[in-house]
Amino acid sequence: MKKIFFAIVLAVCLTGLAFAQTGVKRKKQKPYEYGMVKIDNFSVKAGIAPVIFDHWRHRARYTCRLCHVDIGFGMKTGATQIRALNNMRGYYCGTCHNGKTIYDNKVLFAACSTETSKANDPRCAKCHYTDKLQKKEDEFYDFAKKYPKGRFGNGIDWEKAEETGLIKPIDFIEGLSMKRMNITAQKDFSLGSKFQGMPDIIFSHKKHTVWNGCEVCHPEIFIGIKKGTNKYTMVEIFDGKYCGACHISVAFPMADCQRCHTKSVQQ
Amino acid sequence: MSHKISSTIVILVGILGLFACLPEAFAQEDRFKLPPLPPAEEYGNILISRNSIRNGVKPVFFSHWQHRMKYTCRVCHSELEFNMKVNTTEITELGNRKKRYCGACHNGKIAFRPNGNCEKCHTGDKSSGNSKFSVFDESPFPRTSFGNNIDWVESMKRGLISPATYLKTKSEDMPFDKTLQLTTDWNFVTPSVFSHKVHTQWLDCSNCHPDIFNIKKKSTENFSMAYILRGAFCGACHLKVAFPIHDCQRCHLEKKEKP
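Residue numbers (this note's numbering), protein chains in the order written: chain E, 17 to 283; chain U, 1118 to 1376.
Because the hints were derived from the structure by calculation, they are not lab data. In this text the structure is predicted, and so the values were computed from the model without any measurement. Hints are not guaranteed to be accurate.
To be verified - Below are the DSS-like pairs computed for lysine-lysine, each with C-alpha atoms no more than 25 angstroms apart in a straight line:
| id | chain 1 | residue 1 | chain 2 | residue 2 |
| --- | --- | --- | --- | --- |
| 1 | U | K1285 | E | K43 |
| 2 | U | K1372 | U | K1295 |
| 3 | E | K44 | U | K1372 |
| 4 | U | K1202 | E | K176 |
Claimed, not checked - Sample of chain E residues with no beta-carbon within 10 angstroms of chain U, all distances over it, derived:
| id | residue |
| --- | --- |
| 5 | D173 |
| 6 | S206 |
| 7 | M250 |
Note that the Cβ used here is the ideal one computed from N, Cα and C, for glycine as well.
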């Protein structure tokens, strides 16, 4: 009897939840939470807090391509299966976080260094985050002050920050990256929309290659055989395909409709 | 043993049944139960108390009509990151002092500053702004019969109000003005007419898309008055702040006489 009662209560609660999802405004992600990734492949099992990675901290200093191509981080949380040992040997996070690399006159701390094995070492807590998130929020707002404001995501206009030279993301690591040939980016082109009256999308290769080179998108996300071969739909993109690979979770979100659906080419 | 299995099956079927019939039952029940409306000068007024009472201060009184005369919805609900449900935005005193949330304007430059003005907001009374409502008697504001009794759209059109569309970060306007006609279940109810243009004067695309109205068409299969009455879809705004759904004919336009 008790079981049945419990089941009914559970069912009612679940139905309530199902309702809550239809046609209702969701809570907005805070600027510092946008692009925040919680990585827990092995951490909790090993008795240590999961890693909390902030994209904003890193993308102000490095291009997307550097980590996602040269260093080899996957694009889905947890897909890379990073182990402490990898970092110690100088792979993944350990590529830069090795206690030797110098950035901005500071030596970058060594990730998962062999010298420590205690779970409550403050050095571990830098990534295996145990502090209150409030601390990250404060750090973020201190950081964001310096950059042009954007409307969504991190609330920072990264594109403009890069264009105006406020940030100069590094795209080359000695001994890891390979010298690449400069390819002149294709001219901006438009992608027609299906819906009458909806402005066309202006896609700029130039804006994307600054961060991504060629390899982040081609050939996996966009096969790119011939223009017009693929028909993209917003439904697919919202499901994380094509543009949605980045423009849901890290690059400016798709809520910023007008940033792509522009009629004339932005200068 | 078999008794146990059969009872589990019964429970499972029961749960499935509940899932299937509950929405319908709810839908039938509150189809035309319109919520009671507050007086015109209190429509859209809210009391915010996330931490106030716990911290020993009165809840914050906020009046939508006072603010929408000067700012469009998108300024606060997009640029300043206010959520659409009361008490879900983590507004803090510190945040305000750091020029976030209310502090973006209430900084002593655009609007009154927080210092020494506690009682201006922390009134704990929804009717705090009523005396100022007479502002609408001073100029010939177009009237309606519901909500604030003010036709905000028409007021904007006539230039009686010209609310700002952004504070710092300007958005590119999208020239999308498609008017949609939504057919109804009954013959005697005229289709609901939706104008994008009227809405984008106040709102950003992202205020409604994709959360409230998803681009995936299937999400609107539940698009009915019953859901709207529960605060979904149009009900997100048109129950508490924008003209209330009591004003049927503003969407279900009167049939034009056949010539």
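Right, here's what the structure says about each hint:
1. K1285(U) to K43(E): 22 angstroms, holds
2. K1372(U) to K1295(U): Given pair K1372(U), K1295(U) holds - Cα atoms ~21 angstroms apart, limit 25 angstroms.
3. K44(E) to K1372(U): 40 angstroms, violated
4. K1202(U) to K176(E): Outside the cut-off at roughly 33 angstroms; violated.
5. D173: 8 angstroms, violated
6. S206: It holds; S206(E) is separated from chain U by about 15 angstroms at its closest Cβ, greater than 10 angstroms.
7. M250: 5 angstroms, violated
When each numbered hint is compared with the structure, violations occur for hints 3, 4, 5 and 7.
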